[in-house]
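The listed protein sequences correspond, in order, to chains A and B.
Start counting the first sequence at 1; every next residue gets the next number (the working numbering).
Start counting the second sequence at 1001; every next residue gets the next number (the working numbering).
FYI, nobody ran anything at the bench for these hints, they're computed from the structure.
We put the beta carbon where it would ideally sit given N, CA and C, even for glycine.
Be aware that one or more of the hints could be misleading.
[Unchecked claim] Example chain B residues on the side facing chain A (calculated, C-beta under 10 Å, incomplete): (1) R1044; (2) G1058; (3) D1062; (4) F1103; (5) G1106.
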Amino acid sequence: GESVGLHLPTLSVQEGDNSIINCAYSNSASDYFIWYKQESGKGPQFIIDIRSNMDKRQGQRVTVLLNKTVKHLSLQIAATQPGDSAVYFCADPGGATNKLIFGTGTLLAVQP
Amino acid sequence: DAGITQSPRHKVTETGTPVTLRCHQTENHRYMYWYRQDPGHGLRLIHYSYGVKDTDKGEVSDGYSVSRSKTEDFLLTLESATSSQTSVYFCAISRAEDEKLFFGSGTQLSVL
Chain A
1 GESVGLHLPT
11 LSVQEGDNSI
21 INCAYSNSAS
31 DYFIWYKQES
41 GKGPQFIIDI
51 RSNMDKRQGQ
61 RVTVLLNKTV
71 KHLSLQIAAT
81 QPGDSAVYFC
91 ADPGGATNKL
101 IFGTGTLLAV
111 QP
Chain B
1001 DAGITQSPRH
1011 KVTETGTPVT
1021 LRCHQTENHR
1031 YMYWYRQDPG
1041 HGLRLIHYSY
1051 GVKDTDKGEV
1061 SDGYSVSRSK
1071 TEDFLLTLES
1081 ATSSQTSVYF
1091 CAISRAEDEK
1101 LFFGSGTQLS
1111 VL
C-alpha cells in the first residue's frame, strides 16, 4: 500500500552540527511534500514544503531536498540548536482519501 | 496555533459514554480535519470536512462521527467511547485541499 516512512526513528546530534532527517515515500504520483516539527505536548508545526517540480527548497536554517527518482526526501537543519529537539514528520497526499499521510516521525535529540 | 482552539484540552471518561471534542477556527478556512496520534502509528486521519455540512471519512473513521454546522466549528463525537479510543486528537485546517495543514494544540482523551 501507499505509505510515507522514515529511515530512522531517533537521530542524536551535537549542538551546532547539521542534521539530516530522511523520508521515503511510495506513491510515485505524489506531487507535494510537507515537513512538520512536533515538540512535546504540542501540535505539529509546519516547517517547509516542496512541490514535485522542484528538487530543493530552502528556508531559514532548513533545506528540503527531493529526489523523485528514488522517491526520497530529506530535511536538513543547519547549525542544530537545542530548540530543534522534536519529532519531525514528513507528509504527502496519498491513500484512498488523497489527504495527507504522515510518517511515524523521527525524534531529533540535540546534545549540548 | 494558527487561530485554532481545541476543547477540552484534557478529558477522562468511562467506557460507553459519549464524548464530543470541539475544534474552533478563526481563519475562515474551508477545510478542517480530525486526526488521532498514537505511539507507533503517527497521525491518522479520522474525518475531514470540505465545507459546511460536507464531511467525509478518513482512514480510521469507525466509532467516530463529525458535524460541521458552521465554517468555524468542527465537532468530533465518540458515540460510545472505548478504551481503544484513548489517544491524542488533533484538529487541523487548510485553505485548500492541496495546501499545508495547520494544527491545533490537541486534546488528550483517556477512556477508562
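Under 10 Å, Cβ to Cβ, is where B:F1103 needs to be relative to chain A, so tell me if that hint holds or is violated.
Nearest chain A Cβ about 4 Å off; hint holds.
| request: Identify whether the interface hint at B:R1044 stands, where standing means a beta carbon of chain A within less than 10 Å of its own. | output: This hint holds: B:R1044 lies near chain A, its Cβ roughly 8 Å from the closest one there, short of 10 Å.
### Task
Closer than 10 Å between Cβ atoms is the bar; does B:D1062 clear it against chain A? Give me holds or violated.
violated (14 Å)
- [ ] Verify the interface restraint on B:G1106: the C-beta must sit less than 10 Å from at least one C-beta of chain A.
- [x] holds (5 Å)
| Given B:G1058 as an interface hint, is the shortest Cβ-Cβ distance to chain A below 10 Å? | At about 6 Å, which falls below the 10 Å cut-off, the nearest Cβ of chain A leaves the hint on B:G1058 intact, so it holds.
Hint 3 from the list above is the single one not met by this structure.
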